[in-house]
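Peer 1: Spelled out, the chains give:
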Amino acid sequence: MTLNEQQDEIIEEFSVFDDWMDKYNYLIELSKDLPVIDPKYKTQEYLIEGCQSKVWLFAEMEGDVVKYSADSDAIITKGIAALLVRVLSGQKPVDILNNKLYFIDNIGLQQNLSPTRSNGLLAMLKQMKLYAMAYNASR
Amino acid sequence: MSLDIQKIRNDFPILNQKIYNKPLIYFDNGATTQKPQVVIDEEFKIYSHENSNIHRGVHYLSEQLTQRYEDARKIVQKFINAKHDYEVIFTSGTTESINTIAFSFGEKYIFEGDEIIISTVEHHANIVPWQMLCERKKATLKVIPINDKGELLLDEYQKLISPKTKIVAVNQVSNALGTVNDVKKLIDIAHQNNIPVLIDGAQSIQHGNIDMQELDCDFFVFSGHKIYGPNGIGVLYGKEKWLNEMPPFMTGGEMIKKVTFEKTTFNELPFKFEAGTPNYVSAIGLVAAINYIQEIGLENIAAYEKELLDYATKKLESIDGLRIIGTSEEKVSVISFILDNIHHYDAGMVIDKMGIAVRTGHHCAEPLMNRFNIEGTIRASFSFYNTKEEIDKLFEAILTVKQMFA
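Chains A and B are the protein sequences, given in the same order.
The first sequence begins at 0 in numbering that gives the first Met the number 0 and counts up one residue at a time.
The second sequence begins at 0 in numbering that gives the first Met the number 0 and counts up one residue at a time.
To be clear, the hints were calculated from the coordinates, so they are not data collected in a lab.
Check before you lean on any hint, since a few could be wrong.
Said to hold, decoys possible - Non-contacting residues of chain A with respect to chain B, defined by C-beta distances greater than 12 Å in every case (computed):
1) Thr1
2) Lys22
3) Val35
4) Tyr40
5) Glu44
6) Phe57
7) Ile74
8) Thr76
9) Leu100
10) Asn118
Stated by the list, open to error - Straight-line C-alpha distance at most 25 Å; calculated BS3-like pairs for lysine-lysine:
11) A:Lys53 <-> B:Lys352
12) B:Lys183 <-> A:Lys22
13) B:Lys183 <-> B:Lys17
14) B:Lys183 <-> A:Lys31
Unchecked claim - Distance ranges between label pairs, derived from CB positions:
15) B:Glu294 <-> A:Met20: 34 to 44 Å
16) B:Glu388 <-> A:Glu59: 52 to 62 Å
17) A:Lys99 <-> B:Asn230: 28 to 38 Å
18) B:Ile318 <-> A:Met20: 38 to 48 Å
19) B:Leu398 <-> A:Val64: 52 to 62 Å
20) A:Asp17 <-> B:Ser317: 28 to 38 Å
Just so it is clear, the structure is predicted and the values come from calculations on it, not from any experiment.
Backbone N, C-alpha and C define an ideal beta-carbon position, used for all residues, glycine too.
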């Protein structure tokens with residue numbers, strides 16, 4: 000699936016919820032599916048510290064695509080991290096860098112990635128792109 | 000006297016709205032309080048009809064507004080019962096007030112090897128300025144420990160005092176826990192050792208009467224926006240003796256007596272500490288807020304808020320897995336709590352979606368969170384415009400959180 004197909008699929012999934020609680024319950028569900036970072040990487044080195052919650056992020060190349068795994072101490076943050084991983088993981092670095100992420104705004108979770116909401120997610124997304132940039136440059 | 004809460008709520012236009020289609024329940028009063036219409040109107044009126052830069056203007060508007068600004072100082076003086084009006088300095092808020100004192104007092108009185116005492120329950124604004132001062136002067140920061148209820152340990156405090164102690168800076172109420180510190184005792188002990196004391200009143204002044212001459216502290220600071228007044232205005236009270244001896248923090252216009260390129264002499268109090276154009280609009284707006292709460296009566300406010308605190312404490316304590324952090328007998332209407340196995344951020348996100356504004360995180364008091372070995376809490380802080388029905392809604396919201404994250 001392409002990166003944008005992944006985004007569209009998520010938008011489709013969220014379109015059935017008209018209530019915030021349903022959205023959050025779904026995020027809680029998604030948090031359980033997140034490819035959880037190998038405990039050996041759940042260290043200071045891979046920690047993205049937010050003011051409100053912590054996020055750990057690991058990335059590696061598998062063939063010509065980037066594989067991400069992550070974790071968070073807060074479940075909703077973890078659910079949103081799972082969405083970011085789902086969209087970006089398994090994609091080529093160049094696609095990760097060149098595609099705009101529109102699904103977050105579309106499903107109404109943009110406030111969770113605003114610079115003033117320091118839950119670690121915006122920094123996580125930035126870090127995901129930095130990994131892609133580094134892999135892209137080293138190819 | 001019992002308060003007419005519905006009438007009071009009508010004075011605060013912001014309270015009458017829906018958030019996510021639910022009536023707004025505002026429990027983030029520790030961060031900032033809402034403004035009554037009289038405060039909003041006052042600022043609107045000044046900008047619409049009275050605005051002019053104050054002091055030294057020879058024209059009508061300037062003279063009128065200068066008079067109102069200086070009257071504001073006198074009203075604040077009366078509000079806190081300071082001895083002189085020139086002991087009241089207007090600043091931008093508590094943070095600027097503390098930074099001013101840490102710099103100016105530090106310049107004059109702190110030297111290598113000296114010691115400064117703060118406490119475990121301080122807001123970062125009453126930690127970092129002293130830390131910076133200690134770095135500049137090679138002084139040492141000493142910290143009064145607390146017990147598990149969040150109360151300062153007075154015995155330990157006494158042990159920290161030494162001939163090298165130059166100043167004690169503590170808050171009267173912890174912003175993160177709502178616990179009230181016995182500052183009168185802290186001040187008395189310090190004064191027996193000839194040590195001046197700064198009291199951070201940011202979280203106390205909105206909850207009851209505070210009297211500078213009775214308290215006898217050397218410095219007292221607070222913010223206007225936390226007592227129903229405008230943003231960007233705060234107060235630095237200092238005893239005349241100190242303020243006269245201390246050098247100014249910021250320099251520029253208004254605060255000078257005479258300037259030549261060789262030398263500048265400074266103006267008298269209070270102007271020495273008010274460099275540049277002061278925030279006269281908000282200072283006058285602050286007066287509208289003070290008048291408003293005095294009309295309701297601070298004793299009445301304190302009594303009603305205590306009622307809310309007791310009601311909420313009892314209600315929240317009945318929730319399985321909920322632990323209140325800060326359980327001192329002496330508290331203002333603030334409840335900080337954690338939920339077993341549920342992250343405060345998750346809880347806050349869900350509570351928000353129910354139209355309830357609470358604060359989550361470390362509340363700018365990281366060392367205090369470390370003391371309790373927690374990452375943060377959920378804090379509900381109540382004001383006299385809140386109701387028991389709203390607390391019931393918070394109770395239900397917490398039950399929903401528990402259900403969702405179980």
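Peer 1: Under the constraints set out in the numbered hints, which ones does this structure not fulfil?
Peer 2: When the structure is compared with the hints, numbers 2, 7, 8, 10, 12, 13, 14, 18 and 19 turn out to be violated.
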